[in-house]
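Engineer: Spelled out, the chains give:
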Amino acid sequence: MSSVLIHADYPVEAEDYTRGGEASADIKRKLKQLGVSANVLRRVSVASYEVEMNLVIHSDGGVLTLEVSPEAVWLISADRGPGIPDVEMAMREGWSTASETARSQGFGAGMGLPNMKRNADDFDITSKVGEGTTIRMGFRLA
Amino acid sequence: MDQKTRYHSVRLDKELCKGCTNCLMHCPTEAIRVRKGRAHILDERCIDCGECIRICDYHAKVAITDSLDELKLFRYNVALPAPSLYGQFRGLTDVGVVLAALKRIGFDDVFEVARGADIVARAITEKLREPGLPRPLISSACPTVVRLIQVRFPDLIPHIVDIRQPMEVAAQIARAEFCKAHDCRPEEVGVFFITPCPAKMTAITSPLGQEKSAVSSAISMMEIYGLLRPLISKIQKEERIEGASTSYGIGWAASSGETKSIFQENALCVDGIQNCIRVLEEIENNKLSDLTFFEGNACTGGCVGGPLTFENNYVAKNSIRKLVAAAKAKNDSTPQQSVPVSDMNKYALKMDKPLEPNSVMKLDDDFSVAMQKMQRMNEIIAELPGYDCGSCGSPTCRCFAEDIVLGFANEMECIHKMRDKLQTMAEQMVELAQTRR
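Residue numbers (our numbering), protein chains in the order written: chain A, 1 to 142; chain B, 143 to 579.
Hints listed in this document are in silico derivations from the structure and should not be mistaken for laboratory results. Keep in mind that the hints are not guaranteed to be accurate.
As the list claims (entries may be wrong) - Derived Cβ-Cβ restraints for the label pairs, each shown as a range: (1) B:C531 - A:K128: 43 to 49 Å; (2) B:Q479 - A:M91: 47 to 53 Å; (3) B:R196 - A:K128: 51 to 57 Å; (4) B:H201 - A:P11: 44 to 50 Å; (5) A:R29 - B:F405: 33 to 39 Å; (6) A:S37 - B:R180: 44 to 50 Å; (7) B:T577 - A:H7: 42 to 48 Å; (8) A:R118 - B:R180: 47 to 53 Å; (9) A:D86 - B:D508: 44 to 50 Å; (10) B:I557 - A:R29: 23 to 29 Å; (11) A:M91 - B:T566: 32 to 38 Å; (12) B:T577 - A:S37: 58 to 64 Å; (13) B:R271 - A:P11: 45 to 51 Å; (14) B:T566 - A:V4: 31 to 37 Å.
Stated by the list, open to error - Here are some of the chain A residues that sit facing chain B, going by a computed Cβ distance under 7 Å: (15) I6; (16) R42; (17) S45; (18) V46; (19) P70.
It should be emphasised that the depicted structure is a prediction, and the values quoted were computed from it without experimental measurement. Here a beta-carbon is modelled for each residue, glycine too, at the ideal position from N, C-alpha and C.
Bound conformation, chain B alone (with noise of 0.2 Å):
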């Protein structure tokens, strides 16, 4: 395969690995072959979900992010934190003791990613009054499902909505605001995501739609969420930092929170990897075009459900769903209503980019060679046992056929049929015995 690597958040831990099957039959773009007794990510096909670091019991597979330690490299460091943040403390009531908490591990400033979701949500709005926009237009704010679609749906790239994420907006404005408040140049600040998610990792140093993200680094929820943990409860009132997003900003934690902040009725809300794929399918199938929206979150429950996360997915919902309350009762402005005009010319919230298609399914970039190939991958096909047991390290009998045409397996490594050859050669041996004596 000759597409250049892509760098990946999603790793494999070679020592750990026992070489199962678990994530070779989960992974959405089958993305993992077992080879020699342990696992190797495809990196053109992974889309950094992180459904094998979900599966893997041995937690051979891990999400490389960045250490608090990338702080000593700024003179300053601003912190973003995703909304799904606030969702892993329970009893939560306030997030403005999760943003103090922020600046008492180390960073001398935050910006809440919300502010960004207000922002986009605005930017979506306005985009959904262009005409002969395609329906439904979908969703950029999970660089999964974006991923998901470059590789799978190539064909639905027209339908992803132009607007960067809002960690991309939120560190722009951050890092500007910072600048102006403490008389510094950009470069000494450093800017902090704290993600939920390896992908959004992955997004931070392979950027969709632009050329260079805004956001410095992206540091694992999990990793920050035993200092913080501790300081939830000692924050006192004054030490407070009030939140500056709407409560729809906070409500893109979960899923469903960004259909809610732009206001459409006539949009349906997806959660989990295979969920997606399914409605994908029916979006292709031209099924679902009397929908003007389609958000779609890779992990269960949106965002509070990423593999970086430390609370139960429902229970961090359920304390979004509270903090989203109890933010509308203090302030019941819409994004719509708040963001200011300014900020909408202010920013850069397009993409500059045009998203491509990856065309790593393709079997040949030779469209005769292509169907040569397919034409072999029927025959080899017809003759496989059809169990796809995952013992030749292909996720599917299928997808051995591909990688046997493609030049990265040979037919005898299916058991089944290496059994069925052994047998013949056995009868054979017995057979040749016999004449002999």
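Isolated chain A, as found in the complex (with noise of 0.2 Å):
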């Protein structure tokens, strides 16, 4: 990551439906002024719509920050907890740990991480129980 020159947080707060894909709305855009390609804005799309969602639903809320080079596009979501105790279960598809107003707006299917390592070419996911959760999500561009 050597010449970062655009840098973006987006603080996200817990349980905030309102303003929930606020953050990934404004990053598409942005994608979208410098002339990323199709294929690299729709995976960015999908998975920075799915980590702020999981910022909204089941963390205590974090910043989601976007840096771009003119190598790669970098998503990373940083949260205050509470920390996944398993994360190898929590990779699994169908796995889901959403709250019921979550589910009753049609999230936690359990496709979220899933489909976040599916779409980004660099996934890494570290959390501490207690402390909190950090994704990187990298995108290529050449």
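Need the complex rebuilt from these two chains, each delivered in its own frame; the hints are there to steer you.
Structural biologist: Written out as structure tokens, the structure reads:
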């Protein structure tokens, strides 16, 4: 990540369904203005929306960060907790701890993390219970 | 912007424009700027939705369509009424009356676009059977929605059904059938679409997904409404021309009509351009991949809500509903039953030119330069008040920053920045005056 030129932080609050999706919408607009290819744009769209809604539904709040260099787009989600006890389990399709509120809104199918991983070229997740979860996703531009 | 200028039906009447910011604030592609007290339309961004025509209190935004004088250019003339035309006449019980009235005002023949819609419906039904299609498929019927996708959702272009619009299919058949019946050459026959919107006019001069349109010209519904209205009650039973479309083809006039004609349960029908944008955002986020079909209409209510229609769109939608029911009572066959297989191969139904993304939202063709411009844009935005007042002539502060970066505006056009600067200057002058004393 040598020459990051674009850096944008989006604070995302827990249970804030009203604003949920605004960060990913802005990320999409920025990438369109930069002229990112349709393929990358589509994958970042899906992953950024998933990760943003994950912050809303599962976390105690956090920050979604967009970084763009001439080589790649990076999405970094860092939350303030609660942390995932078993990351391997959480990565499985269909596994979800979403609340009733979230499920009533159509979330909680247990596809969020697998979907992010599928759409990103690089995917890394670290989590510690009581501290929080950090997800880094990279999308190659070349 | 080095984009080649596209032809547009939506234009500005400079004399009438007051330079207010109504249209500026309502344009879905940020295609309007107010400069030197007048609105300007950025051609490469305009998608001919007609929102500015609707919103302008001074009627300074107009749609250029052709006049009936164009009929003189051809030896024969065929009218292609969009089904939404039927919705313009309250109490109408038979479309045959409108078809006869069109002949009375000077057309040699009429061909219902609803028949084109029947064929398109059958073609889409077959398309949907193909394996491996992106989900949902997006209707190509509304040219404004197609252009909106080209400008704002380029990554969704592969979702657009590659079938031509009903107007195009109808025009091919109308001309071919007329030539056959009257033993004349194709170039002698003018084919005139009776249009509810400027977007269809633009789709004739700058076709979508094809090189050249089969339609000769478009005439605004508003222009011929006055001629047709008094005739409607005068057409006798024997003068009526039997409608040849199915009831489903007529239904295309209103939102959800297309979906009904292709019998898709798992479809979403959305009308109104802002609503379309919201749903396209969701499709982009892969949130609607369980749908098979998306029918988007830029106008509220569908084509009956077009900017060039006369009747209130809710009244017109209701009229269409009644006409569809009446037509169904007479003949309840579906497009899939009534359109012969031979028609499916006889005419060009598929688009033959790929739909390209319109890259006008890009800050620069060079990625690194685009990044530098965006950086500069963000710095400028941080200094702007964020009122989105439009006084600078750009619709939002963010858009203003973009215009500065692209060299179309300068920072002092922001009246709030200007006021701050004047205040500082005034203070400096006072200071200066005092030191001299």
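Engineer: Hints first: check each against the structure and report whether it holds.
Structural biologist: Hints versus structure:
1. B:C531 - A:K128: 43 to 49 Å: holds (47 Å)
2. B:Q479 - A:M91: 47 to 53 Å: holds (50 Å)
3. B:R196 - A:K128: 51 to 57 Å: holds (55 Å)
4. B:H201 - A:P11: 44 to 50 Å: holds (45 Å)
5. A:R29 - B:F405: 33 to 39 Å: holds (37 Å)
6. A:S37 - B:R180: 44 to 50 Å: violated (38 Å)
7. B:T577 - A:H7: 42 to 48 Å: holds (44 Å)
8. A:R118 - B:R180: 47 to 53 Å: Holds: the Cβ-Cβ distance is about 50 Å, inside 47 to 53 Å.
9. A:D86 - B:D508: 44 to 50 Å: holds (46 Å)
10. B:I557 - A:R29: 23 to 29 Å: Because 26 Å falls inside the window, the suggested range holds.
11. A:M91 - B:T566: 32 to 38 Å: For M91 (chain A) and T566 (chain B) the Cβ distance comes to about 57 Å; the hint is violated.
12. B:T577 - A:S37: 58 to 64 Å: holds (60 Å)
13. B:R271 - A:P11: 45 to 51 Å: The hinted range 45 to 51 Å holds for R271 (chain B) and P11 (chain A), with Cβ atoms some 47 Å apart.
14. B:T566 - A:V4: 31 to 37 Å: Check passed, 35 Å falls within 31 to 37 Å.
15. I6: holds (6 Å)
16. R42: holds (4 Å)
17. S45: holds (5 Å)
18. V46: Interface hint status for V46 (chain A): holds (5 Å vs cutoff 7 Å).
19. P70: holds (5 Å)
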